[in-house]
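Protein chains: 2
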Amino acid sequence: MNETFVTNWKSQVKKGTLTFIILNVLKNHEYYGYELIEQIRKHTEIEIAEGTLYPLMNRLKTEELVTSKWVEQETGIPRKYYSLTEAGIETLSQMNIYWENLEKSIKKIIQ
Amino acid sequence: MNETFVTNWKSQVKKGTLTFIILNVLKNHEYYGYELIEQIRKHTEIEIAEGTLYPLMNRLKTEELVTSKWVEQETGIPRKYYSLTEAGIETLSQMNIYWENLEKSIKKIIQ
DNA sequence: ACAAAATACATAGTATAACAAAGTATATGG
DNA sequence: CCATATACTTTGTTATACTATGTATTTTGT
Numbered sequence: 001m002n003e004t005f006v007t008n009w010k011s012q013v014k015k016g017t018l019t020f021i022i023l024n025v026l027k028n029h030e031y032y033g034y035e036l037i038e039q040i041r042k043h044t045e046i047e048i049a050e051g052t053l054y055p056l057m058n059r060l061k062t063e064e065l066v067t068s069k070w071v072e073q074e075t076g077i078p079r080k081y082y083s084l085t086e087a088g089i090e091t092l093s094q095m096n097i098y099w100e101n102l103e104k105s106i107k108k109i110i111q
Numbered sequence: 001m002n003e004t005f006v007t008n009w010k011s012q013v014k015k016g017t018l019t020f021i022i023l024n025v026l027k028n029h030e031y032y033g034y035e036l037i038e039q040i041r042k043h044t045e046i047e048i049a050e051g052t053l054y055p056l057m058n059r060l061k062t063e064e065l066v067t068s069k070w071v072e073q074e075t076g077i078p079r080k081y082y083s084l085t086e087a088g089i090e091t092l093s094q095m096n097i098y099w100e101n102l103e104k105s106i107k108k109i110i111q
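So the protein sequences, as listed, match chains A and B. Oh and the first sequence: position 109 is 109 in full-length UniProt numbering, straight run, nothing missing. Oh and the second sequence: position 107 is 107 in full-length UniProt numbering, straight run, nothing missing.
Simulated from the structure, these hints should not be mistaken for lab results. Owing to the predicted nature of the structure, the values given are computational and were not obtained by experimental measurement. Hints may contain errors.
One copy or two, either will do: identical chains are not told apart, so a pair holds if it fits within one copy or between any two.
Stated by the list, open to error - The calculated lysine-lysine pairs, modelled on DSSO-like cross-linking and capped at a C-alpha distance of 30 Å, are:
| hint | residue 1 | residue 2 |
| --- | --- | --- |
| 1 | K108 | K61 |
| 2 | K27 | K14 |
| 3 | K80 | K42 |
| 4 | K69 | K15 |
| 5 | K61 | K14 |
| 6 | K42 | K104 |
With the sequences and hints as input, model every part of the structure.
Listed below in structure tokens is the structure:
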């Protein structure tokens, strides 16, 4: 049927929610990029392309909402770990307020 | 602080959610464009620019998820009323399933 | 031992949709 | 009569998810 429309819509819904999800995941825990993708896939069924995540993380760094540090591994490729900055925590709390409102509004409309 | 980031983020969150909201609002009731903006503003605090809504409605018409009909007024400018098509109802039900999942996932992450 | 898959990061190009801004036209209130 | 509200439309800009591709290392399969 209208497969493409729904598929496309899902992609559009991700715009914005992805940022929100990433920041929330980093709230309690440091993660490296690849791990973020895995964690979110496991816990939420949301698939994030690598080509989506890494540019997103760089935007968040430019905005100074997250910082990153390279961590060498005993074996394997070094990993870039991300964590929230103070500004990131503050911004996230504003986003949480908006989301809660939005979610309530939508719930009211769907009912 | 990072005003622009949050503002911008809100705009991104609307991508997708707006379509979803509009279709859900039209599920139980016919509305004309201007009325949709007002209804949603009153009931949800979500602001929709006219330059956002009308192109969106045209997309939904092109996708054949909604139909429209002009209704002449005794006084004032004619109104274009929108209603869901069968395909629109079907598509919306798929979207509702995805949204419910997403919402649960995000709730789990935020907790 | 070698190929394939998984891990880990990065970038370029494309498509989509929200928004600001401007325009058209009618009606109403001060 | 002028500003504001109603009602729809179009143009150009911007942000971001995605596909595709590339690099490099490690693990797994046969």
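Comparing the hints with the structure gives:
1. In the homo-oligomer, the alpha carbons of K108 and K61 lie at most 30 Å apart only across protomers (25 Å), although the nearest pairing inside one protomer, at 36 Å, exceeds that limit.
2. Taking the closest pair of Cα atoms, K27 and K14 come within 30 Å of each other both inside a single copy (19 Å) and across two copies (23 Å).
3. Within a single copy, K80 and K42 get their C-alpha atoms as close as 20 Å, which meets the 30 Å cut-off; across copies the closest is 45 Å, which misses it.
4. For the identical chains of this complex, K69 and K15 are intra-copy neighbours only, at 26 Å inside a copy versus 32 Å across copies, given an alpha-carbon limit of 30 Å.
5. Taking CA atoms no more than 30 Å apart as the test, K61 paired with K14 passes in both settings, with 19 Å inside one copy and 23 Å between copies.
6. Both within a single protomer and between protomers do K42 and K104 lie at most 30 Å apart by alpha-carbon distance, with minima of 26 Å and 14 Å respectively.
When each numbered hint is compared with the structure, no violation occurs for any of them.
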